[in-house]
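The chain contents come next:
2 protein chains.
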Amino acid sequence: MDGRKVPAPTIERLALYLLCLKPLLERGIETVSSETIARLVGRNAPQVRKDLSYLGQFGTPGVGYNVAELRRKLALMMGLEREKKVFLVGAGSLGSALCRYGGFREEGFNICAVFDNDPAKVGKRLGRLQIQDISELIPANLEQKVDMAIIAVPASASQAVANLLVEAGIPSIATFAPTPIEVPSQMSVRTVDLTKELAVLSCRVHLREGAANVSGAD
Amino acid sequence: MDGRKVPAPTIERLALYLLCLKPLLERGIETVSSETIARLVGRNAPQVRKDLSYLGQFGTPGVGYNVAELRRKLALMMGLEREKKVFLVGAGSLGSALCRYGGFREEGFNICAVFDNDPAKVGKRLGRLQIQDISELIPANLEQKVDMAIIAVPASASQAVANLLVEAGIPSIATFAPTPIEVPSQMSVRTVDLTKELAVLSCRVHLREGAANVSGAD
Chain A
0 MDGRKVPAPT IERLALYLLC LKPLLERGIE TVSSETIARL VGRNAPQVRK DLSYLGQFGT
60 PGVGYNVAEL RRKLALMMGL EREKKVFLVG AGSLGSALCR YGGFREEGFN ICAVFDNDPA
120 KVGKRLGRLQ IQDISELIPA NLEQKVDMAI IAVPASASQA VANLLVEAGI PSIATFAPTP
180 IEVPSQMSVR TVDLTKELAV LSCRVHLREG AANVSGAD
Chain B
0 MDGRKVPAPT IERLALYLLC LKPLLERGIE TVSSETIARL VGRNAPQVRK DLSYLGQFGT
60 PGVGYNVAEL RRKLALMMGL EREKKVFLVG AGSLGSALCR YGGFREEGFN ICAVFDNDPA
120 KVGKRLGRLQ IQDISELIPA NLEQKVDMAI IAVPASASQA VANLLVEAGI PSIATFAPTP
180 IEVPSQMSVR TVDLTKELAV LSCRVHLREG AANVSGAD
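Sequence lines, in order, name chains A and B. Numbering-wise, numbering that gives the first Met the number 0 puts 32 at position 33 of the first sequence, and it's gapless, one number per residue. Numbering-wise, numbering that gives the first Met the number 0 puts 189 at position 190 of the second sequence, and it's gapless, one number per residue.
The hints are simulated quantities; they were obtained by calculation from the structure and are not laboratory data. All clues given are correct.
Capping the alpha-carbon separation at 30 angstroms, the derived lysine-lysine pairs in BS3-like fashion look like this:
1) K123(A) to K144(A)
2) K49(B) to K4(A)
3) K120(B) to K123(A)
4) K120(A) to K120(B)
5) K123(A) to K123(B)
Pulled out of the complex, with its shape left as it was, chain A reads as follows (with noise of 0.2 angstroms):
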């Protein structure tokens, strides 16, 4: 880190950069040049090399980035060095799914409890996981304190569940019910609206054909 703030939209680069690194290592390459990482992630190099240069001054030009250091200097960055611990709020289909998804926990993120407020689930089990009743959620934070929760609920309950969050004093909330919800200012909140997503890719098939139209291309 050079001391300059980091842009938000940078961040996002940032991350995807980060998550396209491991499959390299894995697969036992050990440099990587900026256009490749543009490549993976569907941007162009000269913007890679300026999002990197947040890391600070490293990387060999004409050959490229060390990967197990990038990797290790993104990490750092992101304070992703040591494994994350996670609540899930939600045990429905959109929460088993999620806690079920392997790619969380490949890149360190580790759902350690799910929590739920429906008496039909509570107790069962979820993977490696028993769902808990939502009361529980507060002193199981006090024994785990955990870095981040999913709310995976449905919209007319995520700012009761996010209320619960913010009093178990956890930082950061990812939510998947497609509302915003009202949280001190110091927590960060990701919201991922899936309607949103398809909305956006409609809008711009429809503008290209609109544009298309106009200029009577086909």
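Keeping the supplied structure of chain A fixed, place chain B upon it in accordance with the hints.
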């Protein structure tokens, strides 16, 4: 549409504006201010007004926008005035959760077929659909002519699935496989990388803690 090219971040926000209006309509609210929209989506009012200016001149200063009219205009601009037909590829735990996710249908995205290459899954029911063999995708699209496809297969299989979707002539793809896919430039692709979302959260908290330590704030 006033003929200006709509920037990508504006498209993202327009999608959020569109999605926040339905609950208002359902509650019988007829008029909405830019301040209310801003609050609902976690943005600020001047940005909402600027973004909505892409729809042309409408709305009454000091009163706001007619909710139904705003929704119609946004849907028209985004190509969402009619239902979108969607294929889902991958009937694993994430694919199954996406298939059951009610939010898509509510907003006019109709998952009308689901495909997998696992003989143990093909023929089984997933909600109201029967899982079809992936070899049936191209003929199914000749009949259904879907607007988009969702990829929910392991990263290692995502490019092969993307190639099949290209061959089928499906114009846009939302992929949950955390690896970039290569498709012809006229196609639209949206990658939802769940692990990246958690990495970005971690980075934000970590950089803020770092800044707080440097500045001596608590």
